[in-house]
Amino acid sequence: MGSIVTAPTHALASPGAARAADAPFHPRTIKSFVRRAGRGTAGQARAVEELGPRFVLPYAPAALDTVAAFGRSAPLVLEIGFGMGEATAHIAGLRPEDDFLCCEVHEPGVGALLKRMREQQLTNIRIVQHDAVEVIGHMLPEGCLDGVHIFFPDPWHKKKHHKRRLIQPPLVARLAARIRPGGYLHCATDWQSYAEQMLQVLGAEHLLRNTAAGFAPRPDYRPRTKFEHRGLRLGHGVWDVLFVRRI
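Residue 146 in our numbering sits at position 18 of the sequence shown, and the numbers go up by one each step.
Simulated from the structure, these hints should not be mistaken for lab results. Think of the CB as a built atom: it goes at the ideal place given N, C-alpha and C, for glycine as much as any other residue. Mixed in with the good hints, there may be bad ones.
[Unchecked claim] Cut-off 35 angstroms, straight-line C-alpha distance, at most; resulting in silico cross-link-like pairs (DSBU-like, lysine-lysine):
{"hint": "1", "residue 1": "287", "residue 2": "354"}
{"hint": "2", "residue 1": "354", "residue 2": "291"}
{"hint": "3", "residue 1": "354", "residue 2": "288"}
{"hint": "4", "residue 1": "354", "residue 2": "286"}
[As the list claims (entries may be wrong)] So the derived label-pair ranges between C-beta atoms look like this:
{"hint": "5", "residue 1": "174", "residue 2": "288", "range": "40 to 48 angstroms"}
{"hint": "6", "residue 1": "349", "residue 2": "320", "range": "22 to 30 angstroms"}
{"hint": "7", "residue 1": "270", "residue 2": "235", "range": "28 to 36 angstroms"}
{"hint": "8", "residue 1": "342", "residue 2": "364", "range": "31 to 39 angstroms"}
{"hint": "9", "residue 1": "225", "residue 2": "288", "range": "42 to 50 angstroms"}
{"hint": "10", "residue 1": "169", "residue 2": "334", "range": "28 to 36 angstroms"}
{"hint": "11", "residue 1": "171", "residue 2": "340", "range": "38 to 46 angstroms"}
{"hint": "12", "residue 1": "287", "residue 2": "360", "range": "32 to 40 angstroms"}
{"hint": "13", "residue 1": "332", "residue 2": "174", "range": "43 to 51 angstroms"}
Construct the entire structure; sequences and hints are all you get.
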């Protein structure tokens, strides 16, 4: 879960800013994710080959037909960067009444989640293997989401790299506009400085309201992954930030 991925957000225009319909949301000179080299397992590759045609959606610069994609009408939760899919599969299993649209650029992670889906017989997940910012901007209309999960995004811990962090005001504004009133935005991190930034950025978004006085208790649906357990054993803290869209 440590490799949460997306594209740069610091250069996004504000939601109300005028721009051409086909203009890019951000420059391509800076990325907030890194395409890591590495081979997946044979099982992951087989899962992509066999299950990809059903569960991996192609990116397209057009609004997603969620009823056609999932075969039903249900609450929709967006997850940005699912790593190897451990928490994603757990949550989808706990919440079969919800649909989960998950963005991840790393092929081994996509294969790992597909493999978990087959093992756990999950059918309420769809994957878009593409830049999450473009998915949000081009495939998701305003008010279409019931929730957003962003768990353990890359902290870019060096100060000079903080501009690459995912949680920045322009992206949060776009996400807030796409969450239905009463829906939620849930972030988690094991870097305290990033947790404080998340709290500040989300707290400044007028469409969102904090569900707690500060950091939130970990919701029951979010499991502690192997990655998180390892960090806790090493003495790292974990912080959850949970906001809802104002009604």
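Is 38 to 46 angstroms right for how far apart the beta carbons of residue 171 and residue 340 are? Holds, at about 40 angstroms.
Distance restraint evaluation - residue 225, residue 288, Cβ atoms, bounds 42 to 50 angstroms: Distance hint for residue 225, residue 288 holds at roughly 44 angstroms.
State, for the Cβ atoms of residue 342 and residue 364, whether the hinted interval 31 to 39 angstroms holds or is violated. violated, 19 angstroms
Do residue 332 and residue 174 keep their Cβ atoms within the hinted range of 43 to 51 angstroms? holds, 46 angstroms
Verdict for residue 270, residue 235 (Cβ pair) under range 28 to 36 angstroms: Since residue 270 and residue 235 have Cβ atoms about 31 angstroms apart, the given range 28 to 36 angstroms holds.
Straight-line Cα separation of residue 287 and residue 354 no greater than 35 angstroms? Roughly 27 angstroms between the alpha carbons, so the hint for residue 287 and residue 354 holds.
Range hint 32 to 40 angstroms (beta carbons of residue 287 and residue 360) holds or violated: violated, 25 angstroms
What's the verdict on residue 354 and residue 291, does the C-alpha distance respect the 35 angstroms limit or exceed it? Roughly 28 angstroms between the alpha carbons, so the hint for residue 354 and residue 291 holds.
Quick one, are residue 354 and residue 286 close enough, alpha carbons at most 35 angstroms? Holds. Residue 354 to residue 286 sits at ~25 angstroms (cutoff 35 angstroms).
Take the C-beta atom of residue 169 and the C-beta atom of residue 334, compute their distance, and say whether it sits inside 28 to 36 angstroms. violated, 45 angstroms
For the pair supplied as a hint, residue 354 and residue 288, confirm whether the alpha-carbon distance does not exceed 35 angstroms. holds, 29 angstroms
Residue 349 and residue 320, beta-carbon distance inside 22 to 30 angstroms? For residue 349 and residue 320 the Cβ distance comes to about 23 angstroms; the hint holds.
Consistency with the previously given hints fails for numbers 8, 10 and 12, ordered from lowest to highest.
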